[in-house]
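Peer 1: Listed here are the chains, written in short residue letters.
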Amino acid sequence: MAKNLNLTLQVWRQKDAKSEGGFKSYKAEGISDDMSFLEMLDIVNEGLIKAGDEPIAFDHDCREGICGMCSMVINGRPHGPKDRTTTCQLHMRSFQDGDEIVIEPWRAKAFPVQRDLVVDRSAFDRVVAAGGFITANTGAAPDANAIPVPKEKADLAMAAAECIGCGACVAACPNASAMLFVSAKVSHLAHLPQGQAERMIRVRDMVAQMDDEEFGTCTNHGECEAACPKSVQLENIALMNRDYLKASLTYRPEVDAGGGL
Amino acid sequence: MELKSNVPAGAIETLWEQHRFNMKLVNPANKRKYKVIVVGSGLAGAAAAATMGELGYQVECYCYQDSPRRAHSIAAQGGINAAKNYRGDGDSIYRLFYDTVKGGDFRSREANVYRLAENSVKIIDQAVAQGVPFAREYGGLLDNRSFGGAQVSRTFYAKGQTGQQLLLGAYQALERQIGLGTVAMHTRHEMLELIVVDGHAKGIVVRDMVSGKVESHLGDAVVLATGGYGNVFYLSTNAKGCNVTANWRAYKKGAAFANPCYTQIHPTCIPVTGDHQSKLTLMSESLRNDGRVWAPKRKEDCGKKPGEIKEEDRDYFLERKYPSFGNLVPRDVASRNAKEVCDEGRGVGPGGRGVYLDFADAIKRLGKHKVEEKYGNLFEMYERITDENPYEVPMRIYPAVHYTMGGLWVDYNLQSTIPGLFVGGEANFSDHGANRLGASALMQGLSDGYFIIPYTIGNYLAGQSPAKRPTADHAEVKAAEAAVKARNERLLSIGGKETPTHFHRELGKIMWEYCGMARNEEGLKKAIGLIGELKKEFWSNLRVPGTGEELNQSLEMAGRVADFIELGELMCLDALERRESCGGHFREEFQTPEGEALRDDSQFCNAAAWEYKGEGVKPEKHLEPLEFEHVHLATRSYK
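Heads up: the protein sequence lines correspond to chains F and L, in order. Note that the first sequence covers residues 8 to 268 in my numbering. Note that the second sequence covers residues 2 to 640 in my numbering.
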């Protein structure tokens, strides 16, 4: 049977990127433990609007754990206390009556706060634009079964491709490094025969863009893997490091000039 | 207004090829002079934007999310159909075409559906080339599974995340073009008005959702790929942000809205737990491949634990009523049967609105490991939401609003009734008739985006001159901008007591009750009255805090709810005037003695497209007659 909880929230409020932010305290009362965390915030927001206050801005969309839009640090953990769970899939049964819950935005230099819990993650898009793709213009593809892909390889590619681009890895990392995100894409495409042609240039370009975005460096804390709601593995980072080293050793400037490998 | 389908004459098998040859081309050097605006970055939008960028057009792409990768196509779980016949089980382009027309209950345009089936094979090729990690067999070739409404195995999948992987493929192609500078991406921008100059779509007015700035963007053509309107029901499987605003703005500027009453209620969703519920979660239809749907035979057993109900006291109602398709009947049939069982008082779970989806037999037959491999992520999601372990206790499921077959009317070129306005994906009305088969939405979005709009738009652009593109000081542009600003001001200044969500929830209740799984004349008339009252209440008692010049999620929501209210009214009107049952539109007055949908082909073998006639005036209905030369009109039977 559903239980009701009374909670105290400490929420980060910040008007916009330029303003200074701070924590504000709110009561969340009569919260059913069947609710999702975001439904609890919906109810708090309804109350705020009715009381003439401004509701808490937060990102969310699909509410089924796949779009990667929801982003908040709950009691010091990105996406909250449950492993392999996005905030939208976190339910209030993970909390106790009387709990105090601290809610903050992702914190990273590369993810500036836009308002309250909403941050700008466009740096991720720019990293993908730098090389996170296979060049295959529409209409140019051979038959899908022309190149067999061993099941083990396809499964490894799929496991890396499950990344939802939420940014929890960056938020969890003490250095705000994006290595897990970037390596997931590098690894997804490196495991497939279709991804081989651009494998070296891809890893170089993506890492260069990652550095330009001012993400931190990786010091092997492993916090990213623990925070990842999709269980993207650290071994992807190892693969990326190997590929990056190879790419650096075999680097030829004419590649940058468009001359091909 | 005249609805000209522009389907060329000729044999259906070669129609599209012929048409592509007959269409005008824009030469490569001239393409870069043209600017195309694409609204939406899901499968249809991202695919169209990327492909047009590759072709050399200047593309401006807009989405309301913080990244194009988050569009709701990402949530599609089960798979994508393609007539590859890799199983050798008798599939063909013609069979996929046939199944789709029949599944749509004979309310789609044959020529469009044939083209869709034709393109399906190219989509799989394209996706594999992009690195989409579809499931494979040990020999390295692609795996398939079966899906509702078909007797062949033609569904390609990537675990339970096929939509995600296909969208990432399109997103990566889009990002490549952004990197190359052919596409300019505008995230967190919401389209709030369409700009029409001399009868042609020439731009949009958007609001920057971070700064609040209202700005106009002009081009030589506009593509809307803005998704469906299932959120008119408040509770649906759509993402919270999905909305009808872009389509509604286009409707009010002259684009006809076709078949708004065709909504799909998906049979396998997690039941509602209480009033706090903000959305519903779908469990992929692929689960019906191995799960068996049942309810207790007797009302008295409903309160018991499922394990305590003996085999002979269980009613496997889909297998009983439809022996040849069993649990794999199309969605509309499965949903209606679940509702019927619950209406009889045999439902299970909170409020008696649920039936069981049981995997005990599958686990016995295949082993837990195999079931986990196939459906592991879905089982996990179910457990996270309900706190019940589906390996041990059968899932509880109930139908929920999932997809809308209606949308902006388009011709064979996917052009709306406004020249220069193209519509792709769920946003248009075209290919699914009155009911969409599973694993066909991804197929249609990508077919429209990769393989249709980039060609047909060239034919339109060849007749346009980029030098004559209107500029920001054009009177129509100024007027559209002023309208957006005035509307936002009005929403902000009502100063009432209720939140946008309150009105949305109330609208949803009306729509679900009277325009949901079963509809009747009395209920629909009542709903129209109730929606009218709700609209008045909305515009006099709404409260939107804050200002327009900042990130203001309440303002965004208020604008969307205002449009949903108007759409709801049109849906009820369309449902009222379609005096037959077909596919997802079930009118209680029109059913067979066995309770199946009863079509009336003598009067309603058509698409109904509504033309906006002004505030408070009844919209005008135009009919496009549908002809079935290849798939002969017949009563659907899945028995």
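Bear in mind the hints are in silico, worked out from the structure with no lab data behind them. In this text, a Cβ means the ideal position worked out from N, Cα and C, and glycines have one as well. Incorrect hints may appear among the rest.
[To be verified] Computed footprint of chain F on chain L; a stretch qualifies when at least three of its residues, placed anywhere within it, have a C-beta under 8 Å from a C-beta of chain F: (1) 21-31; (2) 51-59; (3) 111-120; (4) 123-136; (5) 603-616.
[Claimed, not checked] Take a look, some chain L residues computed to stay more than 12 Å from chain F by CB distance: (6) Ala171; (7) Val198; (8) Lys253; (9) Glu374; (10) Leu531; (11) Pro620.
Peer 1: Against this structure, judge whether each hint is valid.
Peer 2: Consistency of the hints with the structure:
1. 21-31: Result for this restraint: violated, n = 0.
2. 51-59: holds (count 3)
3. 111-120: violated (count 0)
4. 123-136: Check passed, 12 qualifying residues.
5. 603-616: violated (count 0)
6. Ala171: violated (10 Å)
7. Val198: holds (30 Å)
8. Lys253: holds (26 Å)
9. Glu374: At roughly 10 Å from the nearest Cβ of chain F, glutamate 374/L sits no farther out than 12 Å, so the non-interface label is violated.
10. Leu531: holds (22 Å)
11. Pro620: The assertion about proline 620/L holds, with a minimum of 31 Å to chain F.
Violated hints, in rising order: 1, 3, 5, 6 and 9; the structure is consistent with all others.
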